[in-house]
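Participant: Below, each chain spelled out in residue letters.
Protein chains: 2
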Amino acid sequence: MRYELYYWPSIQGRGEFVRLALEEAGADYVDVARGKGGVDRMMRVMDGAREKRPPFAPPFLKAGRLLIGQTADILLFLGGRHGLAPKDEAGRLWTHQLQLTLADLVIEAHDAHHPIASALYYHDQRPEARRRAEDFRRNRIPKFLAYFERVLARNPRGWLVGARATYADLSLFQVVEGLSYAFPRAMARQAKRWPEVMTLRDRVAARPRIKAYLASERRIPFNEDGIFRHYPELDG
Amino acid sequence: MRYELYYWPSIQGRGEFVRLALEEAGADYVDVARGKGGVDRMMRVMDGAREKRPPFAPPFLKAGRLLIGQTADILLFLGGRHGLAPKDEAGRLWTHQLQLTLADLVIEAHDAHHPIASALYYHDQRPEARRRAEDFRRNRIPKFLAYFERVLARNPRGWLVGARATYADLSLFQVVEGLSYAFPRAMARQAKRWPEVMTLRDRVAARPRIKAYLASERRIPFNEDGIFRHYPELDG
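In order, the protein sequences belong to chains A and B.
Count along the first sequence from 1, then add 1; that gives the number in this note's numbering.
Count along the second sequence from 1, then add 1; that gives the number in this note's numbering.
Treat the hints as calculated values from the structure; they're not laboratory data.
Careful: at least some of the hints might be erroneous.
You can't tell identical chains apart in this list, so a pair holds if it fits in one copy or across any two.
[To be verified] Below, simulated EDC-like cross-link-like pairs (lysine to aspartate or glutamate); rule was C-alpha separation at most 20 angstroms, straight line:
1. Lys63 to Glu225
2. Lys63 to Glu90
3. Lys88 to Asp136
4. Lys88 to Asp226
5. Lys53 to Glu90
6. Lys63 to Asp89
7. Lys63 to Glu218
8. Lys88 to Glu225
9. Lys144 to Glu178
10. Lys53 to Asp89
11. Lys53 to Asp236
12. Lys63 to Glu52
13. Lys53 to Asp226
14. Lys63 to Asp29
15. Lys212 to Glu52
16. Lys212 to Asp226
17. Lys53 to Glu150
18. Lys53 to Glu197
19. Lys144 to Glu52
20. Lys63 to Asp203
21. Lys193 to Glu234
Just chain A, with the same shape it has in the complex (with noise of 0.2 angstroms):
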């Protein structure tokens, strides 16, 4: 079966914290809103008159007869799937809520550009911009990556959760990532103080189907129009 990933074109966004998993799983998909007329089929099924269970926004993943959106609920379904988490209750459970945890990063990342209205352009809102970020860098992250670092460091295998890489860390790999663009001189600053979370950076970029994917045409660059915004203003 041929997994349909449906997410705006252009943009890593939240769709990119599936690709990885769909990358690192080795799983045959299409990322349909890139290829011709994919963005009018997408808006189709997000009007969905026809849906059964309608998704509220992109991304989200058709999987047989599945349909499911919301991020953190597609990478429960692959994570099952593709053996991105474990198999026992209490794994799966604390691999999603890591997961649930950096879902609310990355909603606090975008909100540092965006902190008046998704709807409004960076320049209506850029004085708001500036106070929030200041908050997010000194206080937001920090807090944020010291306990990504306190989980890691009671592990002593490396990953967030057990002996193998899950979708939280390719999660986790794909935020220090995108905030490393968007604030290049306060992580850099930071960076010494989560020595294990960017160790984990490190080995989940090594791993030979990340890798890969990496380094193709299909890994869309960071820019100014996703989650990750490298604004310079915003940096300190």
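Chain B: place on chain A using the hints.
Facilitator: Okay, now just chain B, sitting in the frame of chain A:
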């Protein structure tokens, strides 16, 4: 087995979504931080030098040897244990997907009064809150509630999922109650656009265990320390 719920004792907050599920399930639980010395106990679990899998923030639930953080993850667990979600994979994922969409709305409801930083007081971010709340009232509440209206309209059984109440229904009830408390004028103006949502709210409120809970002292009143806050200047 008695569950231990850990959450801030003076607000509904995110803990309320868990409380509602425990109450509907008729589960045996203790709201730890509302007892003597309970907040200290909660903070010790959080600091958690001894916890193998420490939570990032309240709420978290102890269920025997399991310690589960993140509201949606707790509900995923409780849903399976207490028949508050379908047993089949598709139904389980769909219920969770709806919960995650509600979780996004909850974050936005909070950020309507705290658009700059959680760590700052409201009066230190009032002008920004005014701008954000306006967008929230005009664009975001309608977008989210129209979505849930659409989902409900497709299910003749009157619930979000299948033929029985799930934790997503309880959560939608709580969100509508919270929005109605925080934005009474905006909600009164808009309520007629979402008849199915309002009917669902009433159906949940009338369930015997929920009704008893809402009338009890266990239900903390809404207040201006929680997620849903009534600041008249943010209500348009």
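Participant: It remains to establish, for every hint, whether it holds in the given structure.
Facilitator: Cross-check of the supplied hints:
no. : hint             : verdict
1   : Lys63 to Glu225  : neither (28 angstroms within a copy, 42 angstroms between copies)
2   : Lys63 to Glu90   : between (25 angstroms within a copy, 14 angstroms between copies)
3   : Lys88 to Asp136  : neither (38 angstroms within a copy, 42 angstroms between copies)
4   : Lys88 to Asp226  : neither (37 angstroms within a copy, 39 angstroms between copies)
5   : Lys53 to Glu90   : between (29 angstroms within a copy, 16 angstroms between copies)
6   : Lys63 to Asp89   : between (25 angstroms within a copy, 17 angstroms between copies)
7   : Lys63 to Glu218  : neither (23 angstroms within a copy, 45 angstroms between copies)
8   : Lys88 to Glu225  : neither (38 angstroms within a copy, 42 angstroms between copies)
9   : Lys144 to Glu178 : within (17 angstroms within a copy, 31 angstroms between copies)
10  : Lys53 to Asp89   : between (31 angstroms within a copy, 16 angstroms between copies)
11  : Lys53 to Asp236  : neither (44 angstroms within a copy, 34 angstroms between copies)
12  : Lys63 to Glu52   : within (12 angstroms within a copy, 38 angstroms between copies)
13  : Lys53 to Asp226  : neither (31 angstroms within a copy, 38 angstroms between copies)
14  : Lys63 to Asp29   : within (12 angstroms within a copy, 39 angstroms between copies)
15  : Lys212 to Glu52  : neither (36 angstroms within a copy, 34 angstroms between copies)
16  : Lys212 to Asp226 : neither (24 angstroms within a copy, 46 angstroms between copies)
17  : Lys53 to Glu150  : between (41 angstroms within a copy, 13 angstroms between copies)
18  : Lys53 to Glu197  : between (44 angstroms within a copy, 16 angstroms between copies)
19  : Lys144 to Glu52  : between (40 angstroms within a copy, 18 angstroms between copies)
20  : Lys63 to Asp203  : neither (31 angstroms within a copy, 34 angstroms between copies)
21  : Lys193 to Glu234 : neither (23 angstroms within a copy, 44 angstroms between copies)
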